[in-house]
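Following the hints, position chain B against chain A.
Protein chains in written order, with the numbering used here: chain A, 1 to 706; chain B, 1 to 706.
No wet-lab data here; the hints were simulated from the structure. Among these hints, one or two may not hold up.
For identical chains, the list gives no copy identity; a pair is met inside one copy or between any two copies.
As the list claims (entries may be wrong) - Listed below are the simulated DMTMM-like cross-link pairs for lysine to aspartate or glutamate, each with C-alpha atoms no more than 25 Å apart in a straight line: (1) Lys526 x Glu90; (2) Lys327 x Asp309; (3) Lys615 x Asp78; (4) Lys387 x Asp178; (5) Lys526 x Asp492; (6) Lys615 x Glu559; (7) Lys53 x Glu174; (8) Lys53 x Glu207; (9) Lys615 x Glu595; (10) Lys615 x Asp598; (11) Lys53 x Asp214; (12) Lys369 x Glu90; (13) Lys53 x Glu201; (14) Lys327 x Asp101; (15) Lys526 x Glu100.
There are 2 protein chains.
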Amino acid sequence: MPLKNFLAICLFSAAGWSAAGAPLPFDVMPAPAEAAATGPRFAAGRLVITTDKSNPRLAAALDRTRQRWGARVGSDRDAPPLTLAVAVQEFSPDVPGLGEDESYTLTVAPGQATLAAATELGALHGLETLLQLLRTGAGGPTLPAVEIRDHPRFPWRGLMIDVGRHWQPLEVIERNLDAMAVVKLNVLHLHLTEDQGFRIESLTHPELQQLGSDGHYFTQADIRTLIAYAALRGIRIVPEFDIPGHATSWVVSHPELASLAGPYGIERQWGVFNPVLDPTNEATYSLLADFLGEMAALFPDQFMHIGGDENNGVQWNANPKIQAFIKESGLPGNAGLHAMFNQRVNELLASHGKRLVGWDEIFNPLLPKDCVIDSWRGTEALGLTAKAGLDGILSNGFYIDLCYPASDHYLTEPVPADSPLTAAERAHILGGEATMWSEWVSPETIDSRIWPRTAAIAERLWSPREVRDVPEMYRRLAIVSDRLTEAGSLHDRNQDVMLKHLVGENLQIPGIESLRALIALLEPVKHYQRGSEQIWCNQLVPLVALADAVRPDSTPSREFAGRVEQVLFGGAAIDGGAAAALSQQMDAWTSAAREIIDPMATVYPAVREAIPPAKALIAASAVGTQAIDSLGRRRPLTPSQLASALATLDRAGLPNGSATELPVLKPLRLLVAGAAAQSSRAASDATAWRQLVISTAYPAGLPPAP
Amino acid sequence: MPLKNFLAICLFSAAGWSAAGAPLPFDVMPAPAEAAATGPRFAAGRLVITTDKSNPRLAAALDRTRQRWGARVGSDRDAPPLTLAVAVQEFSPDVPGLGEDESYTLTVAPGQATLAAATELGALHGLETLLQLLRTGAGGPTLPAVEIRDHPRFPWRGLMIDVGRHWQPLEVIERNLDAMAVVKLNVLHLHLTEDQGFRIESLTHPELQQLGSDGHYFTQADIRTLIAYAALRGIRIVPEFDIPGHATSWVVSHPELASLAGPYGIERQWGVFNPVLDPTNEATYSLLADFLGEMAALFPDQFMHIGGDENNGVQWNANPKIQAFIKESGLPGNAGLHAMFNQRVNELLASHGKRLVGWDEIFNPLLPKDCVIDSWRGTEALGLTAKAGLDGILSNGFYIDLCYPASDHYLTEPVPADSPLTAAERAHILGGEATMWSEWVSPETIDSRIWPRTAAIAERLWSPREVRDVPEMYRRLAIVSDRLTEAGSLHDRNQDVMLKHLVGENLQIPGIESLRALIALLEPVKHYQRGSEQIWCNQLVPLVALADAVRPDSTPSREFAGRVEQVLFGGAAIDGGAAAALSQQMDAWTSAAREIIDPMATVYPAVREAIPPAKALIAASAVGTQAIDSLGRRRPLTPSQLASALATLDRAGLPNGSATELPVLKPLRLLVAGAAAQSSRAASDATAWRQLVISTAYPAGLPPAP
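Same shape as in the complex, but just chain A (with noise of 0.2 Å):
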């Protein structure tokens, strides 16, 4: 069915399913290519599942689908069974590889499913679209009558981990996949050597893991065990060994093969560094032809990341004997060694019969047409690379690590609609990468980072283009992070651990509600800004401060910010409910942030961090209450009131030792300019009045975005 008949039968189903209507993606995240409501929902019972072939791959998912349909819909005697047709018509490879078919067709009526793909990867996505339907809470399990028409938009859809900087043992990495699978990611992108660490077993070289890993490193049996729990799932794994830079953890065992002379030990600081090989010393290839053809024959997949990226050049401009070499061979400076290099080692990849992945850095006109560009630069330059005939990847946009909200990634376009590349450069798009750098996760704290917000990162790259809407992106990504849970995430589940490492065991104590709330409405400093605040941190230093039990995107905050656009935006006079609604809720901020920094944390030692950002919820509380009282009084603020509003809130802000911010600065400042402005308020329109607001809120020009 063509989505243009969508609104028609949306229409007639809206009846069923909620008062407000069917949103289109239903409660499907990634949101299907092409769905249509058919009927009204109807109650689920159990799940009886037929097939017409099957092999290892869909016997798994389809147990895994009868195991968290079960545990869903419970041993209900009394609802209708679901009987779901699954047909296929050709299996793929048992490890999956680019650009295999995964589109599905689904249609649900009360009674009967049928599912429908060209091949098993398609009928894997289609098993968990119906998962994502079927919803459980008051009245019972109950499902769409829907029809589903789906496909990707972009065949790579990554999650690159980063093992290196923080070690991250197999079962991280396998209750990562399974939540991969969730949301129809299909590439899991491990990074494997680092400064800090390298961890993946060397057969030939065994000096390297040894020297370079403090013991923590995958085996090569772990890998082939990782490699199948991926496949059975229709993941690939692409390996990644940073070369040349990124290289201390190399240099450890073979200092000989540095720009410079060692000797070197494991990096624990974070950052980039100097240590890098030597491409003018042919024992470096040597290394890299044994390693690298070992790698080569333990990761089936036909892609190689070599990355590639902040190389400083430090060493080699200080070796005599490297800038010998460059003038002797006629090299472009330290830029034209590094091309020679990566041509050394597609050279070898390639006997491998692999085609070499790396980081913007790699690129140049040399390169091979068959290399890969993995842009941590951004969209621009992966048009740059997508023009020159390359294919390209964007990571750029999908920095998990940095802690910013969903909502920026969701809007991080790989492909804009306005994009100047033709058809076929477009096509050189594969698709792009979420991102998570470990200098600030623990195996405790990664899922918090990695999820729910992977699952908006997902959407943009499965979905198509037009699939925008942010609070609608929210309202869907709450549901998937239960079906994340489910699958084995502990993004939720780890919460009251990590509020332990600061309170200690026991729970059950005065104040920690108030700890709770405030928690909830902090978040993690942004971008690298956690390395400035907390300087004495590294590898070393276990991650269970405040900044931990924090996480990125606070919900509570989120709905405080929208009910401000309420009180501001939502029509031309204030609503008096949303108001009180934003009184009441900061003096219930400010009791819990005066409770928390006394007595709990004159108590407890680890809560001491959490002073500053109470004092300032207190502070930022007390002018949000100010501009309320304002605006019920219909009093504008005065010049100087609005001045010193503005300052209390620059310095809530500030950076204060816990690495951790107040998203409701954003929302309570626009709270104030509307205050001061409100005079103006009835003689605008919506936009002028909304940027007479903003330009108030932002006297000296909005901050730059991220």
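Relative to chain A, chain B alone:
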């Protein structure tokens, strides 16, 4: 330091630790063999470990210790560090065997700790002890100054997991191995074949798992992974292949080996079933020779468990050929045939250097003396086999699947002080095993059925016989529960997951706290009662009902019972404060129960099962309130009021279809009896008064013990 010096030192240290005085086992579970405080508690900073030599097992344990220590102590840069010097005399074999030296000594003083052990297995235990000594909470992390000399009472301290009835995948086993290490258990007994599933890959006879497992089985690679995982934690893996009975899943692919003609399908129901291998068929031994030979090579442990339990004789009796064989061979009936079969199997195992283990039923005078009896019948049966010179382990009393409280298992004594066994005979009692039979556990609930109760069993098997103070056990059980969570157990973290099965995805709903309160008060029914209450349940019905969301050993119920004790037996007169607390508690229960009956159960279909227990709670609370009122007004309940109250409690305790029960009915019964008998209180001594209350509560005599 001998134990007799302990008390004197304790007196000195008590002031520095807690007002109530330092309990002998500190916060460690299992309690150490000998432990003495040597000074006041002190602030604990980061941990610095030194060691003279290491091997992979020790290195991994030190690494886990650093991680867990760091996570709990955090990055407080002010507290003085603790240096831990670890010294090990020699290394144990890579895969541990029975009877390794697991002893250690640990001294902890401000700034300096030393851990000495004969082998690194003892060091592993000492590290767990150190992690348990560390407490966090108000005031920050602290340690006691202590001297501990510790060693296990029994060399075989096991947990059996039945993966046959409900399949438990690799990650379930792995996280339970992590938890076992926390409480110093050293044997994982995997029950791998059952009527309901053949859970191990055979390469010689792949049809066994292909037809007998629904695809849910451990590959041989999985097993190697588990053995290595366990060995790294000092844990042996003993496999069980249950023959000749419990063998339905064997004969699905080999009907010709059953004692009656097939065909057979995988059993889906729970119970004791007829299919049994035919011991008169040489082909049976030929298959077993292939399969057990293969398993003997796969599992390095010296012991192999062959089950042997619950052959009901139906098939043997019904097969004239088998009966003729018995007669011709002069065997003493079916028991003789079973003994002959065991002898053949034992020869097979012996040829691979293995010692045979089996359940009680294999015991027979002809059984070779190096076989081992695993007793599900009890201490007395075990005494008999010990007298006969056979080694034995106790499982009876440790059946954690039956959902009895930890205290019951805790007081189960493998070798009672008054045992008639000689010292040499006692030495045949190797230890015991907690048995997690899996009729009623899924991967989501199994952790909550194993932990924390199995920690009490671990203490019984490790600590001196004299350590048996139940309230003190429960105090530490609550503490060790968090250590188990740290190690990866989901017993606590899956509570909300289970709640969502009842009310759907959104837990932020009216009434949820009432539902939580009721669930915290309920326990699953005991023994095998659930099977008769919920007869429609079988292997294919998901375990997501009310009985799955509740947990054994309800803490608020135990606390309520303690307050009832205080009111009835706390002194010569009634404790008014405790009585008022009981009244308030029951009022709160009544309100919660009403909210569950309406509206929760009307809105959430899966909550309907909670209506009968909610009604029972309301009725029982009314009776309890009447008793409190009677005590407060010093007007004894009349005989007819007493009879009516007891009848109400009887009705509240009847099976109600939800397969849950209210443990508070027992203390309420005492409360009612106390209110009826109160006139005699002043005139009776404490013992007589207690006896009077009990006999009033149970006019027909006490119910039988479990």
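Here is how each hint holds up against the structure:
With identical chains, the CA atoms of Lys526 and Glu90 are never at most 25 Å apart, being 46 Å at best within one copy and 50 Å at best between copies. Proximity of Lys327 to Asp309 under the C-alpha cut-off of 25 Å is restricted to the intra-copy arrangement: shortest distance 23 Å within a copy versus 82 Å between copies. In this homomeric assembly, Lys615 and Asp78 come within 25 Å of each other (Cα to Cα) only across copies, at 24 Å, whereas the closest approach inside a single copy is 55 Å. Taking the closest pair of Cα atoms, Lys387 and Asp178 never come within 25 Å of each other, the shortest separation being 36 Å inside a single copy and 53 Å across copies.
For the homomeric pair Lys526 and Asp492, the shortest alpha-carbon distance inside one copy (21 Å) is at most 25 Å, but the shortest distance between copies (32 Å) is not. Proximity of Lys615 to Glu559 under the C-alpha cut-off of 25 Å is restricted to the intra-copy arrangement: shortest distance 21 Å within a copy versus 39 Å between copies. With identical chains, the CA atoms of Lys53 and Glu174 are never at most 25 Å apart, being 27 Å at best within one copy and 33 Å at best between copies. Taking the shortest alpha-carbon separations for Lys53 and Glu207, only the inter-copy value of 20 Å comes in at or below 25 Å, while the best intra-copy value is 48 Å.
In this assembly of identical chains, the alpha carbons of Lys615 and Glu595 lie at most 25 Å apart only when taken from the same copy (11 Å versus 39 Å across copies). For the homomeric pair Lys615 and Asp598, the shortest alpha-carbon distance inside one copy (11 Å) is at most 25 Å, but the shortest distance between copies (43 Å) is not. Only between protomers do Lys53 and Asp214 lie at most 25 Å apart by alpha-carbon distance; the minimum there is 16 Å, versus 47 Å within a single protomer. Taking CA atoms no more than 25 Å apart as the test, Lys369 paired with Glu90 passes in neither setting, with 32 Å inside one copy and 58 Å between copies.
In this assembly of identical chains, the alpha carbons of Lys53 and Glu201 lie at most 25 Å apart only when taken from different copies (23 Å versus 39 Å within one copy). When the C-alpha separation of Lys327 and Asp101 is checked against a cutoff of 25 Å, the pair qualifies neither within a copy, at 49 Å, nor between copies, at 66 Å. Proximity of Lys526 to Glu100 under the C-alpha cut-off of 25 Å is found in neither arrangement, the shortest distances being 37 Å within a copy and 52 Å between copies.
Checked against the numbered hints given earlier, the structure breaks hints 1, 4, 7, 12, 14, 15 and satisfies all the rest.
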